[in-house]
Amino acid sequence: MIEFFLKGTPAWKYWVILSTRTQEDMAYRFNYVFGVVFRFLPLVTTIYLWYAVFHSPGYDGTQRMGGMSFSDMVSYYAIMFVARGFSSIPGMNRDISVDIKDGLLNRYLIKPMSYFWYQTMYRLAHKLVFWFVALFTFPPIFYLIRQYLQHTPTLLEWAAFFVSLMIAFWIGILFNFMIGTLAFWFLEISTFLFVIMVMEFFLSGHLLPLNLLPHGILSWAQWMPFGYEGYWPCMILIGKVPPDQMGKVIGVGLLWVAFFFLTGKWMWARGVKRYSAVGG
Amino acid sequence: MISTLGRYSRMTLLMMKNCLIREMQFRSNFVIRLFTEVIWLGMQIVYVAVLYGVTQTIGGWNVWQMVMLLGTNHILTQLFEAFFFDNCTKLVDQIRLGDLDFILIKPVNPQFLVSLRYTDYASMTNSLVGFAMIGYAIHRLGIAITPLEAFLFLLLIVNGILILYAMTFCLSVLTFWIGRASNLFELYYQLTQFTRYPGEIYRWGLRIALLTVIPMLVVSNFPVKMLLGGLFNAWLGYACAIGLIFFAATVWIWNLGLRRYRSASS
Amino acid sequence: MTTAFFYVRSLEIIRTGSYNNHPMPTIEVENLTKIYRVTKKKPGISGAIQAMFKREYSLVNAVQDVSFKIEEGELVGFLGPNGAGKTTTLKMLSGILFPTTGTATVLGFTPWERKNDYRKQFALVMGQKNQLWWDLPAQESLYLNKEIYGVSDADYKKVLDEMTEILQVKRLLGVMVRELSLGERMKFELIASLLHSPRVLFLDEPTIGLDVVAQKNIREFIKEYNRRTKTTIVLTSHYMNDIQALCDRVIIINHGKKFFDGGLNDIIGKFSASKLVTLTFENGGVPKEDLAKFGEVVEFEKLKAVLKVNREDVTKVSSQILGKWPVLDINIEEVPIEEVIQKVFVSAESKTS
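Residue numbers (the numbering used here), protein chains in the order written: chain A, 1 to 280; chain B, 1 to 266; chain C, 1 to 353.
Among the hints, erroneous ones may be present.
Computed footprint of chain B on chain A; a stretch qualifies when at least three of its residues, placed anywhere within it, have a C-beta under 8 Å from a C-beta of chain B [to be verified]:
hint	segment
1	40 to 46
2	185 to 198
3	207 to 215
Far from chain A by the CB rule (all over 10 Å, computed), these chain B residues [unchecked claim]:
hint	residue
4	THR55
5	SER115
6	ALA122
7	LEU148
8	LEU187
9	LEU191
10	ILE201
11	ARG203
12	ILE208
Label-pair ranges, simulated between beta-carbon atoms [what the hints assert, rightly or not]:
hint	chain 1	residue 1	chain 2	residue 2	range
13	B	ALA209	A	VAL198	53 to 61 Å
14	A	TRP185	B	GLY205	51 to 59 Å
15	B	PHE30	A	TRP266	30 to 38 Å
16	B	MET43	A	LEU104	31 to 39 Å
17	B	GLY205	A	GLN150	33 to 41 Å
18	A	ILE217	B	SER28	25 to 33 Å
19	B	ALA209	A	LEU155	39 to 47 Å
20	B	PHE30	A	ILE110	33 to 41 Å
21	B	LEU34	A	ARG274	53 to 61 Å
The hints are simulated quantities; they were obtained by calculation from the structure and are not laboratory data.
Positions of the beta carbon are idealized from the N, C-alpha and C atoms, including for glycine.
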């Protein structure tokens, strides 16, 4: 039915890419179930670990660490799954760099199609299947840990949360695209990509809430784009962002999106020119 | 029996030598691998540092005991990755693509060939960092280690590696039934979470599971406990029994899987 | 091939007892069958969602009721198009696959029991598939094989020296496998599998992808090896040249079934109903329609024509033509064997459909 609407429009080719990739993923159904179910295992360790911390000798579970209560901590890590489900685009920058390095771009450049949108659709397909399955698996998990989720977000917080998730996704895509284009200029960037990945992992707050870091680091780290890939969506939804700060937080996020969009576009244009000049 | 052991040892050494020759052609890769592994370890250390910044004990373990656990965990995962992990991931592709033919026609146990073919020297070298960490922590704790304890520690390390091998190998072998299984290795990473922290933080139900069905605590906690004050003989025997049972499971499931082997189409 | 080779081979013979200690054939196959289950999927996203919940299967008969016997020292060819079942059969005889039904015995062993004693006595070489380590000199892979098969140092040195000499790859021993040409790689693959002087050698498309010279070298080597060591060799190929050059006996397999088992020349006699008569005329030639009365005109030029004539009628037709027209030259030959085999396959298809 979708064919009926889209065929003949320029978007049709992107739909085909989307659906083909989605089918590919679905073909390995066990793979999928495994991936989704076991994704939450770290949450178990996290909850027990922080419980042990909050209840270690001298504490009774009501103290706050770095401004976070035990409930805040668990909520943070749980919501991080959702946030990272939007911002984590594994393999994108590597695939792009490989396409460039190995001269494989040619088959994309000769087609009447934007390489950026091709990559984005490709990743979006993967995300869509992920979220389709997540619709069935996330709610039960959240229900199981509901006793720890003590903050009820306000309407503003819900709205800001959804916006921040969109920001997280676009920063993920645009940043990784931009990094991938570096391959136009640098031959061997796999180590660099690794360092970037580590930075992204750490500064997104995936490992630790950023506000547990020493104040000196936190003051600049929280405004880095990586913070929007996990830290900010979580903090918004657990109520750590006062309404008067909300505008500033979202605003900076949108600025980063715009920045990566423009920079990426510019780098791509320069890179393709250079690539074609060299002969690919 | 002895000659078979000798033969298999010689073959293992030959395959390790082959991998070394190959590795030496890619020296920069080796250095990069060392670098990346150290970074990951660094992250874990940062995590523990932050945790112990807010509290003195976790599950009854103080910071240096935790460092010993971290170091032990590092040794376990690095040595496991050195000898077995690559082989398990490659096995998945070999099964899927039907590339086991040449292995099946050799007059050698195929599980042996498939499990030890590749050795990763970067991980092997990296495991030394773990030993260093343990050494330093012991120094800071000021405890004395007897030679017997050290020997049994190493025995339990080997036992732990064997259990990790069994788990991952069984996951790889599942490919015979379920095709592409890249997410199975995700499972390996998730389950090894449980080796990183003291068993005392878990409630009894989970703790029992982690001592029996998914014996992650046997893998990492037991060796450290051996150094910290000896482990009751019963537990020691239990640990070895678990190791052997898990290993036997790999042999069983491997042979079951081979019956389903498809081989690449001609 | 020198006496050193024979020396190694005779060691093997002494070890196993005698030259012909098997009263039964070296390879005996009875009603071997292999059926595969293949998943089917409907196209499109809805099909993909359906497939997540319920899988549909269809059955593929890779090998159906194949039976044959091969004696020691024979060089037999399996001929058939791609997907015919030749390689599947070979893989069952190598113990790589389990049959669905049927039995097979090689050197007295059931291959799929994968006994080490059996595996020490046979070898498998597959065209375009490497068992050599890619990033290592060929030598290292060979040495590993030596250890795996338990070949003694003395035997190893002798066999290695001989074979690298004959195949002219001695200088390449230290070269990385990934830097060798396809032909050179194939030669090393052969050497790697013959280090342990197997009694049975299975070759699956050994010359595929090789250039003409390399193909010829490999063929000559195989033929000579078989002649000297009396190793039983089973070769699969879809190249007629391989079969013609090497095999006196051919087993034709198509769609998993055995269609023919016998001498190469018998194929022509059994399956070819006609012969080709090439005529060269002088001054003027002959009109096409007149020639067409005697047989199918395959080629026609002013002074030359090729006719396809029924076997039984060849002599009669030839004498008639010779009597009727000024023939400068007449040549009678068989229809090319490829064409014959093609026809066998086509007729087989029509039988099964």
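A quick look at each hint next to the structure:
1. 40 to 46: holds (count 4)
2. 185 to 198: holds (count 5)
3. 207 to 215: With 4 residues close enough to chain B, the hint holds.
4. THR55: Non-interface label fails for THR55(B): nearest chain A Cβ at 4 Å, not farther than 10 Å.
5. SER115: 22 Å, holds
6. ALA122: 13 Å, holds
7. LEU148: 31 Å, holds
8. LEU187: Check fails; 5 Å does not lie beyond 10 Å.
9. LEU191: 7 Å, violated
10. ILE201: 4 Å, violated
11. ARG203: 8 Å, violated
12. ILE208: Given a closest Cβ separation of 14 Å, the condition holds.
13. ALA209(B) - VAL198(A): 53 to 61 Å: 32 Å, violated
14. TRP185(A) - GLY205(B): 51 to 59 Å: Distance hint for TRP185(A), GLY205(B) holds at roughly 55 Å.
15. PHE30(B) - TRP266(A): 30 to 38 Å: Holds, at about 37 Å.
16. MET43(B) - LEU104(A): 31 to 39 Å: 33 Å, holds
17. GLY205(B) - GLN150(A): 33 to 41 Å: 24 Å, violated
18. ILE217(A) - SER28(B): 25 to 33 Å: Given about 31 Å between the Cβ atoms, the range holds.
19. ALA209(B) - LEU155(A): 39 to 47 Å: The hinted range 39 to 47 Å holds for ALA209(B) and LEU155(A), with Cβ atoms some 42 Å apart.
20. PHE30(B) - ILE110(A): 33 to 41 Å: Distance hint for PHE30(B), ILE110(A) holds at roughly 39 Å.
21. LEU34(B) - ARG274(A): 53 to 61 Å: 33 Å, violated
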